[in-house]
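**Student:** Residue numbers (this note's numbering), protein chains in the order written: chain A, 257 to 597; chain B, 257 to 597; chain C, 257 to 597; chain D, 257 to 597.
Please note that a few of the clues may not be correct.
In silico BS3-like cross-links for lysine-lysine, where the CA-CA straight-line distance does not exceed 30 Å [what the hints assert, rightly or not]:
| hint | chain 1 | residue 1 | chain 2 | residue 2 |
| --- | --- | --- | --- | --- |
| 1 | C | 384 | C | 484 |
| 2 | A | 522 | C | 309 |
| 3 | B | 522 | D | 422 |
| 4 | D | 422 | D | 363 |
| 5 | A | 447 | D | 321 |
| 6 | B | 384 | B | 480 |
Read the hints as simulated data drawn from the structure, not as lab findings.
Number of protein chains: 4
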Amino acid sequence: MAGKIKIGILGATGYTGVELVKILKHHPQVSIAFVSSQSYADQRLSDVFPELKMICDDVLLAPEKTLEQSPDCVFSCLPHATSAALLMPFIKKGIKVIDLSADFRIKDPDTYEKWYKVPHPCPDLLEKAVFGLCEHNRAEIAKATIIANPGCYSSSIMLPLLPLFKDKATTLSLIIADSKSGVSGAGRSLKLTSHFVEVHEDFKAYSIGHSHRHIPEIEQEFSKAAGKPVAITFSPHLIPTNRGILSTIYITTNRTAAECLDIVKKAYAGEPFVRVRQPEDLPSIRGVAHTNFCDMTFTGGTDDRPIIAVCTIDNLVKGASGQAVQNMNIMFGFTETAALL
Amino acid sequence: MAGKIKIGILGATGYTGVELVKILKHHPQVSIAFVSSQSYADQRLSDVFPELKMICDDVLLAPEKTLEQSPDCVFSCLPHATSAALLMPFIKKGIKVIDLSADFRIKDPDTYEKWYKVPHPCPDLLEKAVFGLCEHNRAEIAKATIIANPGCYSSSIMLPLLPLFKDKATTLSLIIADSKSGVSGAGRSLKLTSHFVEVHEDFKAYSIGHSHRHIPEIEQEFSKAAGKPVAITFSPHLIPTNRGILSTIYITTNRTAAECLDIVKKAYAGEPFVRVRQPEDLPSIRGVAHTNFCDMTFTGGTDDRPIIAVCTIDNLVKGASGQAVQNMNIMFGFTETAALL
Amino acid sequence: MAGKIKIGILGATGYTGVELVKILKHHPQVSIAFVSSQSYADQRLSDVFPELKMICDDVLLAPEKTLEQSPDCVFSCLPHATSAALLMPFIKKGIKVIDLSADFRIKDPDTYEKWYKVPHPCPDLLEKAVFGLCEHNRAEIAKATIIANPGCYSSSIMLPLLPLFKDKATTLSLIIADSKSGVSGAGRSLKLTSHFVEVHEDFKAYSIGHSHRHIPEIEQEFSKAAGKPVAITFSPHLIPTNRGILSTIYITTNRTAAECLDIVKKAYAGEPFVRVRQPEDLPSIRGVAHTNFCDMTFTGGTDDRPIIAVCTIDNLVKGASGQAVQNMNIMFGFTETAALL
Amino acid sequence: MAGKIKIGILGATGYTGVELVKILKHHPQVSIAFVSSQSYADQRLSDVFPELKMICDDVLLAPEKTLEQSPDCVFSCLPHATSAALLMPFIKKGIKVIDLSADFRIKDPDTYEKWYKVPHPCPDLLEKAVFGLCEHNRAEIAKATIIANPGCYSSSIMLPLLPLFKDKATTLSLIIADSKSGVSGAGRSLKLTSHFVEVHEDFKAYSIGHSHRHIPEIEQEFSKAAGKPVAITFSPHLIPTNRGILSTIYITTNRTAAECLDIVKKAYAGEPFVRVRQPEDLPSIRGVAHTNFCDMTFTGGTDDRPIIAVCTIDNLVKGASGQAVQNMNIMFGFTETAALL
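Just need the whole structure built from these sequences, with the hints factored in.
**Tutor:** Here you go:
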């Protein structure tokens, strides 16, 4: 069909890749030029995911074969380091890229190396990359050629707090994010911690105590908004569900919960994917599953106790592939909600 | 069998009641004199719970019929207010009682009425009741005639923090308990929030913002140990599992995580049901499910961030019926681990 | 918008009602004129289902208020007997109706009364009703004014076997359908058998031994296709999932599994929602969840053993609301896959 | 402790191995001499399964080190072929062995090789092995030195049907077993089909069409009881639960369901672990989970339709480690229910 842009997907056989295919198949202005996979090269995507039969029966290209392609936009669902390396040829050809890995999120290559244990593959490109949190960086996204799609946990923590950081009259000291994620966030690779019997009827914390890799991007964006260094405490937990993130965030602030609620309501008025809820109507994962919505509210604060924000997203949609498509919609001037509502 | 004590169970058809029956059936020094139920009176317990066939086929007595009974010990698994009212006749006969409801936990009847919205049924008995957190009140429990079995969430929050409160050289300011519980904690009565389809693949917070009824007993016991008023922030969440509680607790203290770990290790040395773990070996619900164990560790504190305690119990065992049997074992001079290991 | 048809939904607050709203909201040629509910009248649908906020904030009409409405098509998600009674006024006004209850499925009012224990509310309308199994009754559906949307289990059993019944050279004797369904099939009303703790980590059979109400409609349609009475054995089971039906069907036939596969492949060639799979690629519930697809295959037959068909659908989509919309698309001459792919 | 027998466990770090440890730790006449593991040699069992801390902190021996041991009884939880090979040295020393693998179940080495794709490691020992279905082979088990512990699916299919085969006046023709198992039956090794996200909210059939390896042992035992070759159709399915098997079995017989029920009631009168239930009280997995019980009933047969048996067991207990301990109890003259009730 004339007028459609052509897109490519690197690493299409992980959970975010498949979610991206499903979303883009509903997009009226997009056609999929290629899907790639190292492990499943030359098989059909629908052989790997039979649920996609008659939806996307494209043959998966080996990564090196994608270099012959010149689509209008490339999404990468590859792991960090590999992602930037395989995106570089497209970037050099002037093709717009949206990277779902962490590679373009951290502006400082030393910080990247400290947290990711590898030197950054292309530090010189970091400046060009735009942090793709759509509700906050829409103008830059519209002009961007490299989008760093935010981490799933990060989105659920930044969306409720960024409006407070941006409000000059609001102070924020302690920030503790107690986050809970479904298992798809851990990816499709095989590990004992994703074995059904080990996860089902279990619940556990992991990577707590200042060790999870989403911390630097959150602290970077908060510090940028605050105009000074911001430190957070972040504790991820594994829920025995397929999807969804709920973050319970404790903050010390000069604002009441009602005032926080007002600030975010104003900040997100007219936003198609943010739903600010009343405290008596707490967000749940069920309420956002399989959608690009972010639900949030503020409560707490009794007798000087901390204020509590609760925020939910679907980790695979607003926390990954949905937000990636929202970024694409902004970059290409499409209706921002296309294929997402 | 000679030498066995006879026990009665009021409200045997809820989840804690059934768990109690299962545990006591393994106890060599106990025989069950009666099980009662309002809703299922005159049916066999094993008709209501077929899993108990050939294990406990006793006929359920209507509550009023239990008054003719004179067992050595009565457990109540009834809801608050009803529980104290139905236990009173036994208490007056000098029979030892273990109340799994909240009725004897709060020392101040006004506080009870504020949180439970009913006047206390027998405020004069409150002084005699002992708060049955076994590891901390063993001596009083041994002499007690009324045991207030602690709340499930409360146990998971008090066990890691009480040793710190009791340590004179430790200061504790901010206390935030972000707790997660399986659905059996909400009981067996019918409500939309326990409907399978509403809970499965969901995760949500509830009663957050200083409203959950376990708060006053936790603040009471912490204040007693600290010798001054202690305020906590407590946020419960619902996990799509049948059992288990995991509490992630954030504290501000003059201690490092390693020092906290040392303090609790010393406090619980020799305890048969508390397992203090290393931070790299985080407690999980799976690790304590169907047992009377409480697993805990301490971590965090990087660059002045809060210290994080993680604690897990099975809400129906250490959080309810297991601890109730542990209390009975102490009261009657049995081996403390009988029927529990 | 000009050109859109207006539809009404009776009983919009059950699981099939909500699914219908979600599907129709994606339909380019449909606008929702009203949603109704007895229990939640005058509340917004999105107050009952917060996931629908900003998607469908319509106020729910009390059933009696819907009578003032004259939409182009009415869907009923009400329980049997109530459904036909509330649809009758619309039918009399000449409005097309699609009934998701069983009321118009059974042609013989005596059979209806025998299985549903109430006299049929409008036996004279039964002749006009078309059994809305789209792939088999497309021509009649196109001309129909009353559609009896098939039962969820029924669809999963009829779709694989009807092509065999219609093939003159194929004989079929024994038919055993061992079916398994997610819990949403039992509805949203409160019962102990849908309580999370009673269902999670459980699996059970129910209504087995010729007692489930989907039996008469299956035997009716099979007998019609076979031209003689057909009897089936049908055993439903409850899976601890939200959605999906998998039917394992054992048949004795003069055909091999490969021949059965050929027959259904031919029968469903070009069908947009039926995917016939190879036996080594068995259908799963995951493969059809949240879609209108029906996946099936045939295997077995070694050494004269029975042939085995395996068929999966999403009980709320192809087994209910998706098929209802597919029926609407056929009735109104829309693209059959509109809002469904 | 004097009088205790010493036992060894080969392959203690799989799900059946751990279950065995948990059961035996409650056995008053047993002490664990060693636990072994190839992959985790020299680590503590409780490092691999933290839930076992303070319960079994034994160090895991490498398999070759177990040869220096001379316990009274060895259990093997190893995979087939490896199991017989590592048990042989113990058998030669005259030590009693209980093999939870398939190695000693099939009497005919050619049949073994056909289904298991390896030559049998010690065909000469097959004659000495006793098929350890306790309720049916108690006398032989008491004298046995090699026990072939039955397969999990097999137990759930043989227990309801064997009494019918043994009844001279009962005829049985068609036998179809539609079985459903929790994921622990697939073991703890890593495979995509046991990945949480692939299993949760899914349900599927696998190895259907005369291909599952439990078929030959079932047909062998049925043929032996019937005195003539018996063929079965067996379809296993995967339930998204950790534990449990439910088999729905369709049979053609000259008996009514009520007569079948009578026959099994008589056959199992006095059996401590078999509970024959009324058809209106269908067995469920929940009813037998974490126990050594086998629940069953018979129903169906309306208008010449097949009779339906429903049978449930816990795959890790009565279907594996519980039955293994029951076998040990019989072999050593202990109370048959020791550690199992």
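**Student:** For every hint, state whether the structure bears it out.
**Tutor:** Hints and how they fare:
1. 384(C) to 484(C): holds, 22 Å
2. 522(A) to 309(C): holds, 18 Å
3. 522(B) to 422(D): violated, 63 Å
4. 422(D) to 363(D): holds, 20 Å
5. 447(A) to 321(D): holds, 29 Å
6. 384(B) to 480(B): holds, 17 Å
In summary, the structure is inconsistent with hint 3 from the numbered list given earlier, while agreeing with all the others.
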